[in-house]
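> Mapping to the numbering used here: the sequence shown position 278 is 278, numbers consecutive.
Please keep in mind that the hints were generated in silico from the structure rather than gathered at the bench. Check each hint, because a few of them may be wrong.
[Said to hold, decoys possible] Lysine to aspartate or glutamate pairs mimicking EDC-like chemistry, simulated, CA-CA at most 20 Å apart: (1) K374 / E341; (2) K374 / D740; (3) K349 / D332; (4) K798 / E832; (5) K798 / D780; (6) K798 / E858; (7) K374 / D333; (8) K374 / D428; (9) K349 / D369; (10) K349 / E293; (11) K798 / D773; (12) K349 / D322; (13) K374 / D315; (14) K798 / D812; (15) K349 / D363; (16) K349 / D333; (17) K374 / D780.
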Amino acid sequence: MSSPVLADLAAHGLSVDDSSRRRAEYSYDASNYRVPPLAVVFPRSADEVATVALLCHRHRVPIVARGGGTSMAGNAIGAGIVLDLSRHLTTVSTIDADARTATADAGVILAELATAVGHATDGALTFAPDPSSASRATIGGAIGNDACGNHSVRYGRTSDHVLSLDLVTADGLRITATRTGLAATRPGDAAATARAADLTESMRELIARNLAPLRTELETISRQVSGYHLAHLLPENGFDVARALVGSEGGCAIVVAATVRLVPAATSQQLLCVGYRSVADAARDVPAILPFEPSAIEGIDHAIVTTMAARRGPDTITGLPDGQSWLFIDLDDHSARAISEPDVASTSKRLLEHLTAQGRMVDAVLVDDPLTRKSLWRIREDGAGLSARLVTDSTADSPPEDDTTAATAYESWPGWEDAAVAPDRLADYLVDFQSLLDEYRLTGVMYGHFGAGCMHVRITFDLRTADGRDTMRRFCTAAARLVVAHGGSLSGEHGDGRARSELLPIMYSQAMLTAFGEFKRVWDPDGILNPTAIVDPAPITANLALADVSNRPWSDTDDSSTPPTTLDPFIHAVQGCIGVGRCRSSSGGVMCPSYRATRDEKDSTRGRARVLQEMVRTAPDIQSGWRSDDVAEALDLCLSCKACSSDCPTGVDMASYKSEFLHQHYRRRLRPASHYSLGWMPAWLPAATATAPIINRFLHIRPVQRVASRLAGVDARRAMPAFATRRRVRESLDGLTAPDPHSDTILLVDTFTRAFRPQVAAATARLLCATGDAVGTRSDVCCGLTWISTGQLTHARKVLARTADALDDGTDRPIVVPEPSCASALRTDLPELVDSPAAHRVAARVHSIAAFLPRLIEAGFTPEGLPESVTLQTHCHEYATFGASTGAAALRSLGLTVHTADGCCGVAGNFGFERGHYEVSRQVAEQALAPALRTDPRNPVITDGFSCAMAVDHLAATDPLISATGTHLAEILAPPPKTVDSARFPVDSARAPVDSARFPVDSAHPPRRHP
């Protein structure tokens, strides 16, 4: 650490990281900007924050306090020290149900605070602000921006709920701001007491000199967040210092803890979803809805819905009414009381009748089911990410083809994403705003808090070119004038930051701007706290993350999802991460298991993407970039679970990026031992089957197992699975027949099933035959998964090309694969790595057992002797490729009670076996699988994935509270062998056996097409 301030921080025992990898991770937030910090500090207490401030003040080094890093205005990045308060300052210290208050550290996640409050009050109370980022945004960040959320139409802004703030001043003193003034946090702290008195006197003088502008220019609409909230210091508002500091963007003091007001939790909620022809039509109905006092009036447009359906499947938008724009209206008992209705149902009916009479709505649905309600709300909550990388349809509007922005029409960016007006002016503002977009030949993807008049619009700016950045500057300047003309605010909850501070002179008088500057200097005279936010701003086009990235050819692969531009596919792919940070959530979905285990930004999908973005930006040449130790370290704990490809709103597929990186990183270099032992498993497994009795016996001898593990690069604490003997494989597969022209379905017995669980192949065949279909089986091709996951893509492409040629038989007969990871590889990796017509045809035919089960049920399959309930561990690749709830929904339709272990098993193919990953693998298993096994110990455990079955076996062997064995879904559902009719499941010795070299289709007798 060459910098004096870093040496000083380290000497005081602070956790300081100035590595190039860590600086890359914290160079970005969820905005358009990139500013590398000097270092990142992880304070363990408020006193350590004070020490950092004192030392940085002494060295005149800037400080940026950071929570979840989800700022869309650039408020969580800076050139000095970034203080990550989310790592250790995570305690909810008190919850007082009687007083309806809670006190929490600044690093507490908003959703976790609400959960803690709910648990402590038996669900009676909650913390109201709930921005879409609540699963990873912190209370400190919400205070910094004055965040609002989906239910702000009733509950307002964070400032409406703050009672007091524990602060660290720019020079390291600890004071507390309350609704009536300032005091030392610790009684008897003379220096802090004196500072509180000085600050009080200075602020009172400032207010006295600016009464007129404060009373006329501030708090004119409910969502006026731009600038400092100085109106709270007016005499008639009681000199409310706490609320005045909310929204100051970390530029006046560092918030280390807060006491907040709690509100009654909503009861008997019902969602009314209403479809409209346009966002303007939806906005015109808002004034008609407000008298019903709903807890939420949120809006989205068609582009987000289309992208959701394309990226995650059409079932994710099931329940939406017809329309091109939609309002999500939450009604509850409070709403019923507001209009004197007896219950929520009658309130919803009355509102629906009222909206019908307005004549603008197209369609509407009432949603009572909690799961459907949650599913629909997720469309709105993921709006920022979904709108970043758009998927359009033939009915969607798009930029003109001759426009220079048309090439990037599938990407949209923040910058003007947070303007707000009074709700009764929203429709007119949107009409004018659309005209402005048309004037600049831009497209805006619209969503937001319609009930509060706050619009989140992501726009198709071209931030990669100088002309595009100039267009952004001119447009944002014009947009600022437009929103001000409508009596609005540049920011409604995201803050001004780097994105809008330069435009504040359009909104405020010089007197007000001068007052803002004086307020900043009262608190931070040397300007070290989050410089450039609100006061002394940088140009809005400075430090843009997409600017000046050299368009070098990073890979020899093609990304078919890339827009029709000349941008390198790998650059485009890694720039897909825009920093929304869903990968940092601790619940919901599966992404990101490694982050949930370590709570380190390095191990989040976002952190990895940011390091990759730095690689393509800063590497002196491509070869040295691929040799990056920073990227290798960032990717080491990536489980390649693919959950991010589904859970990430922008569709980041870190497993694919890792595979490409490893492929290039180890090109013509010695690889880790596990890349040979595990990566080449399909090549040596036939020999292992032939010698299985000997291998199995030796692997149970501890010294031999330790030596073998060391040589193979495997952790010796992981027991290797038993290999199926040749006799066992023969007994399981000999009765199965090869595909012929009369086969309705192809059963592809994958490498893992054949080598370790051949009985699953037999059970799958019986299951597929249960509806009368003829099943042809083959086991002579491979999905290439182990080569893909270890980044040996040259060989993987050869294997997959052979597989595509072998399976492309001129039909559309479904190909069913027992192992979900192999099915996923054939469905997604095959067409990406082998971009041939045959590869695409084959991929479209591939199904996992769980994904194919609904077809069997629809065809009349009715299994017998099922257990009443099961525990389902969905393989991560199944989750990402075939749907999060595919298997669970099918099992429930058969009458089973399904308890899901919603998370990764921790083994994740080769990851859990590789040396150096064992501890994290176990921590990942503890996120969902292990607790589920302890909670329902008598349930059969469905583990279609072989790695999931291995995880269950390992937990059973090492945890005395777990006694379970993983079972494949086919083994649960398939009829026993003796009940299968030979007419349905023929065994004809004259027909080719499964292990024949190839199974050519007789061109004179083409196979039947599957309906």
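> Against each hint, give a clear statement of whether it holds in the structure.
So, going through the hints one by one against the coordinates:
Distance hint between K374 and E341 is unfulfilled; the C-alpha atoms sit about 25 Å from each other, more than 20 Å. For the hint pairing K374 with D740, the CA-to-CA distance comes to about 46 Å; that exceeds 20 Å, so the pair is violated. For a cut-off of 20 Å, the pair hint linking K349 to D332 stands: about 13 Å separates their Cα positions. Proposed proximity of K798 and E832 is supported: the alpha carbons are some 13 Å apart, at most 20 Å.
Between K798 and D780 the alpha-carbon distance is near 15 Å, which keeps this suggested pair within the 20 Å criterion. Distance check on the hinted pair: K798 and E858 sit about 37 Å apart at the alpha-carbon level, beyond 20 Å; violated. Between K374 and D333 the alpha-carbon distance is near 19 Å, which keeps this suggested pair within the 20 Å criterion. For a cut-off of 20 Å, the pair hint linking K374 to D428 is broken: about 31 Å separates their Cα positions.
With a CA separation close to 17 Å, the supplied pair K349 and D369 stays within the 20 Å bound. Of the pairs offered as hints, the one joining K349 and E293 holds, with about 14 Å between alpha carbons and a cut-off of 20 Å not exceeded. Distance hint between K798 and D773 is unfulfilled; the C-alpha atoms sit about 32 Å from each other, more than 20 Å. This hinted pair checks out: K349 and D322 have alpha carbons roughly 18 Å apart, not beyond 20 Å.
A C-alpha spacing of about 13 Å is found between K374 and D315, which places the hinted pair at or below 20 Å, so the restraint holds. For a cut-off of 20 Å, the pair hint linking K798 to D812 is broken: about 23 Å separates their Cα positions. At roughly 14 Å between alpha-carbon atoms, K349 and D363 fall within 20 Å of each other, so this suggested pair holds. For the suggested pair K349 and D333, the alpha carbons sit about 14 Å apart, so the restraint of at most 20 Å is met.
Distance check on the hinted pair: K374 and D780 sit about 44 Å apart at the alpha-carbon level, beyond 20 Å; violated.
Hint compliance for this structure: hints 1, 2, 6, 8, 11, 14 and 17 are broken, all remaining hints hold.
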